[in-house]
Amino acid sequence: MKHLLSTEDLSLSNAVRILDTAEEMAAVGEREVKKLPTLRGRTVVNLFFEDSTRTRISFEAAAKRLSADVINFSAKGSSVSKGESLKDTAQTLSAMGADAVVIRHWASGAPHRLAATDWIDAAVINAGDGTHEHPTQALLDAFTMRRHWSKLAGTPSAGADLTGMRVAIAGDVLHSRVARSNVWLLRTLGAEVTLVAPPTLLPIGVEKWPCSVSYDLDATLARGVDAMMMLRVQGERMNASFFPTTREYSRRWGFDDNRLRALDTLGFKDTIIMHPGPMNRGLEISSAAADSPRSTVLAQVRNGVSIRMAALYLLLSGDTREPAVRTNSTSSPSAHATKESH
Amino acid sequence: MVLNQADIDRALTRIAHEILESNKGSQDLALLGIPRRGYPLAVRLAAKIAAADPTVDPAAIVGQLDVTMFRDDLSHQAMRPPYPTQLPRTGIDNKVVVLIDDVLYSGRTIRAALDAIIDLGRPRIVRLAVLIDRGHRELPIRADHVGKNLPTSSAEKVRVRLEETDSVDGAPVNEVVIEATA
Amino acid sequence: MASQQQDAGTGAYLIRGAAILGGAPEDLLIRDGIIAERGQDLSADGATVIEAAGLVALPGMVDIHTHLREPGREDAETVETGTRAAALGGYTAVHAMANSTPVADTAGVVEQVLTLGRTAGWVDVRPVGAVTVGLAGEQLAELGAMADSRARVRVFSDDGICVHDPVLMRRALEYVKAFDGVVAQHAQEPRLTAGAQMNEGEVSAVLGLTGWPAVAEESIIARDVLLAQHVGSRLHVCHVSTAGSVEIIRWAKSRGVNVTAEVTPHHLWLTDELARSYDPVYKVNPPLRTDADVQALRAALADGTIDVVGTDHAPHPSEHKECEWAQAAMGMTGLETALSVVQHTMIETGLMGWADFARVTSTAPAAIGRLTDQGRPLDAGEPANVTLVDPAARWTVDPSKMATMGRNSPFAGRELPGKVVAMFFKGHPTVLDGKLNTPYRWLPEQAQLPGTAAAGH
Ligand SMILES: [Zn+2]
Numbered sequence: 001m002k003h004l005l006s007t008e009d010l011s012l013s014n015a016v017r018i019l020d021t022a023e024e025m026a027a028v029g030e031r032e033v034k035k036l037p038t039l040r041g042r043t044v045v046n047l048f049f050e051d052s053t054r055t056r057i058s059f060e061a062a063a064k065r066l067s068a069d070v071i072n073f074s075a076k077g078s079s080v081s082k083g084e085s086l087k088d089t090a091q092t093l094s095a096m097g098a099d100a101v102v103i104r105h106w107a108s109g110a111p112h113r114l115a116a117t118d119w120i121d122a123a124v125i126n127a128g129d130g131t132h133e134h135p136t137q138a139l140l141d142a143f144t145m146r147r148h149w150s151k152l153a154g155t156p157s158a159g160a161d162l163t164g165m166r167v168a169i170a171g172d173v174l175h176s177r178v179a180r181s182n183v184w185l186l187r188t189l190g191a192e193v194t195l196v197a198p199p200t201l202l203p204i205g206v207e208k209w210p211c212s213v214s215y216d217l218d219a220t221l222a223r224g225v226d227a228m229m230m231l232r233v234q235g236e237r238m239n240a241s242f243f244p245t246t247r248e249y250s251r252r253w254g255f256d257d258n259r260l261r262a263l264d265t266l267g268f269k270d271t272i273i274m275h276p277g278p279m280n281r282g283l284e285i286s287s288a289a290a291d292s293p294r295s296t297v298l299a300q301v302r303n304g305v306s307i308r309m310a311a312l313y314l315l316l317s318g319d320t321r322e323p324a325v326r327t328n329s330t331s332s333p334s335a336h337a338t339k340e341s342h
Numbered sequence: 001m002v003l004n005q006a007d008i009d010r011a012l013t014r015i016a017h018e019i020l021e022s023n024k025g026s027q028d029l030a031l032l033g034i035p036r037r038g039y040p041l042a043v044r045l046a047a048k049i050a051a052a053d054p055t056v057d058p059a060a061i062v063g064q065l066d067v068t069m070f071r072d073d074l075s076h077q078a079m080r081p082p083y084p085t086q087l088p089r090t091g092i093d094n095k096v097v098v099l100i101d102d103v104l105y106s107g108r109t110i111r112a113a114l115d116a117i118i119d120l121g122r123p124r125i126v127r128l129a130v131l132i133d134r135g136h137r138e139l140p141i142r143a144d145h146v147g148k149n150l151p152t153s154s155a156e157k158v159r160v161r162l163e164e165t166d167s168v169d170g171a172p173v174n175e176v177v178i179e180a181t182a
Numbered sequence: 001m002a003s004q005q006q007d008a009g010t011g012a013y014l015i016r017g018a019a020i021l022g023g024a025p026e027d028l029l030i031r032d033g034i035i036a037e038r039g040q041d042l043s044a045d046g047a048t049v050i051e052a053a054g055l056v057a058l059p060g061m062v063d064i065h066t067h068l069r070e071p072g073r074e075d076a077e078t079v080e081t082g083t084r085a086a087a088l089g090g091y092t093a094v095h096a097m098a099n100s101t102p103v104a105d106t107a108g109v110v111e112q113v114l115t116l117g118r119t120a121g122w123v124d125v126r127p128v129g130a131v132t133v134g135l136a137g138e139q140l141a142e143l144g145a146m147a148d149s150r151a152r153v154r155v156f157s158d159d160g161i162c163v164h165d166p167v168l169m170r171r172a173l174e175y176v177k178a179f180d181g182v183v184a185q186h187a188q189e190p191r192l193t194a195g196a197q198m199n200e201g202e203v204s205a206v207l208g209l210t211g212w213p214a215v216a217e218e219s220i221i222a223r224d225v226l227l228a229q230h231v232g233s234r235l236h237v238c239h240v241s242t243a244g245s246v247e248i249i250r251w252a253k254s255r256g257v258n259v260t261a262e263v264t265p266h267h268l269w270l271t272d273e274l275a276r277s278y279d280p281v282y283k284v285n286p287p288l289r290t291d292a293d294v295q296a297l298r299a300a301l302a303d304g305t306i307d308v309v310g311t312d313h314a315p316h317p318s319e320h321k322e323c324e325w326a327q328a329a330m331g332m333t334g335l336e337t338a339l340s341v342v343q344h345t346m347i348e349t350g351l352m353g354w355a356d357f358a359r360v361t362s363t364a365p366a367a368i369g370r371l372t373d374q375g376r377p378l379d380a381g382e383p384a385n386v387t388l389v390d391p392a393a394r395w396t397v398d399p400s401k402m403a404t405m406g407r408n409s410p411f412a413g414r415e416l417p418g419k420v421v422a423m424f425f426k427g428h429p430t431v432l433d434g435k436l437n438t439p440y441r442w443l444p445e446q447a448q449l450p451g452t453a454a455a456g457h
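Protein chains in written order, with my numbering: chain A, 1 to 342; chain B, 1 to 182; chain C, 1 to 457.
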């Protein structure tokens, strides 16, 4: 794994490896000394072509906990907006000795361009590109779900996947990179995904995705859901006729107080409610739902730092010229590479 | 074969007694095994210490210390998740911590382990016990307790195989062998 | 294959043993700008002999759809570089699209382009006139003035932009009847394609790129064929890209609508799967579609529903492609790969022969543009516009070695069949041994005179 660009091409073993590593990173986060020397001397650049304070500080906290040097490069309002190209920016960062570039971009595929061209020779982490993917968000969501799912089963989460878990994702799927990344990753981890949205906010071609599609949130809830993920909906979509009014949207597709109560009456006491943030309270999610004990919103934020630490660690450590050296003496499935210098 | 199952067991018995002797008893002892094979060795040593001193709860004094995140050679290491770090139930603050690993070689793993311990607490004393010391140190580090000194060429590989972590053809195995590197 | 200099003085050339339109080997004697003789064992008699055993002789190719960028974007292409590329690609005439800067919407601009073409001398440059002033889609340009100008414009197009106002389209179709013109429509419903980046479908859904739905093309074509029928005019549909468009055109032709249609080489081969790389070299308008569309387009070209291959050659400076997909310019170069791509997709698949190739790359486009001295049979007395091709050659596309300034070839790195060996433009060898020779030199007064018969006057 040289880059983390999407969950679509993330193998099960790499996905579980990231989640397992994040468990160890989370353990570090609970210590008194939260900092590790692992990436001392390495430079991580946060290259943000789109504002996202939460994602940037999450990556910044992750890099700093691993002792990396962090450079924040906000391409909004800089020379980039005055016509400097992605190529020039990448070459500049390369000259500055960036080991990893965390890129957030309004254009789908921009991280792929960085990774595929010879503009820069750093590990590229996609921190959200256009309406394409947001892999670390999906990984932190899966991490949150896996902890919940393992706790219910009474088994350790390390090494586990999400087989059998029923996940519903509701909202603006068409414009959501979070939905895309979640659909691919949850499929890889063995969960059953249902997308719930107005037909106008589903992409043409969604029927080929590895999930079910529903226009009816209540029917989906009634069939049983273990994790209910609400997506952010922009009220401006109303002006482009994706739906008539925000009121009609929240009545049909929002997670409101009635639906929160319905979880209790339907007997789904263990269903969690997720949201990638920032939330539009009263539109796609009611305050009561967002603040209920079922809500994992804050846990998701916390887990985000662990996942990003794991991604940085796995991309920046290790010989990228795999394959890994393997012990020839062991048959244990949890076998890792040998230590060469004892 | 350098050590067989009985040799390993004898060496560990001796080390267990040395640890008790140098500590003048089992007071404040904490054993920290370094993954992968230092941890099962630590568990075995704890059992032997408990056998010698029945007041000791072996499960309470053993822990695992992962040092991956503290290594100085990560870019040469293959990518893998770190192992969990689990401190002994009795903690490590003001304890006599014995670090346990299978093979002492360059000393870099132990250097990383010392850094890792410092981030976790403040032991009174840190000692080092290893099953094999094969020489070729790159840092000023030496072991307090050694199962066997094994002069080797750096072109050779020392393989420690323990039944807790290794098997050959599906059968559990306890042995130390030297292999020539290809 | 090697040209053999016997007497450089006469300006006569004997092409010996070429398969004319892929038929049995024959000789062609070229003298004084025309094919003087066609037959077996012709006497060289002081002519330069070109041994053409194994080569196919075709009427010089005519591109109905070329962007030469000059005037205005000489950093992307000039008439000189674009027509060099055309000659090397097998063309003897190109229609230069109107979306230059300034737009070719007046007699002055089209005459400027005509003169630039004649000064270059590699191929016949036929300016296309804009339908509306500044391609703005609001007011008709002076179509009549352009038709009457020295450039004798017969093809009018706002290409790059759709004439989407139905009333304006109706008026344009009606008006060009006065001088036997044709409106070449870039069929793209603008509201359905706002911000569109690629074909809307399975791949765009995954990539998160805004979709360009097939219906945005098909709805305009359906409207336009009905308008053309209603006003009894001539319609040309640029770069047809979908299976649905093919069905509509087939239906319109069966109803007797005077419509012609064009397909690009890239739409005959490439699909939207290539967008998965996010490499903007595959970004084009209309976008690459699905394999089902590719197969429908090939079938339509073979059965005549689609009349011509047009390159939509669209060179761009590299900085317009070395960027994010959404930031990148749309378009691909095509002049130097069209022959090979059509050979690969249509001839080597058995869908067409070389005579069909001549129809779709020369005869039919010349007829649409009302060019009287292009797209003619290779017979005695006809103008000597001849393409000599080695169909057995194989070559690997390297954009840095092309004559066009554009490096944006989607075929880069692919091995293609068929190579142009020699070109005759008005009897003059512009290409020999696969390399540029010298341009044709118009007489000073010719460069000021119309090159086509003024049909419709
Ligand atoms: Zn066009």
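Hint data in this document are derived by calculation from the structure and do not stem from the laboratory. Careful: at least some of the hints might be erroneous.
List time: in silico EDC-like cross-link candidates among lysine to aspartate or glutamate, alpha-carbon distance up to 20 Å [stated by the list, open to error]: (1) A:35 / B:73; (2) A:2 / B:18; (3) A:64 / B:119; (4) A:151 / A:161; (5) A:35 / B:57; (6) A:35 / B:115; (7) A:34 / B:138; (8) B:157 / B:138; (9) A:208 / C:32; (10) A:76 / B:119; (11) A:87 / B:115; (12) A:64 / B:163; (13) A:208 / C:279; (14) A:208 / C:319; (15) B:24 / B:73; (16) A:87 / C:291; (17) A:35 / A:60; (18) A:35 / B:119; (19) A:64 / B:93; (20) A:87 / C:279; (21) A:34 / B:57.
Everything numeric in this text was worked out from a predicted model, so none of it was measured.
Violating hint indices (sorted, rising)
2, 5, 7, 9, 10, 11, 12, 13, 14, 15, 16, 19 and 21
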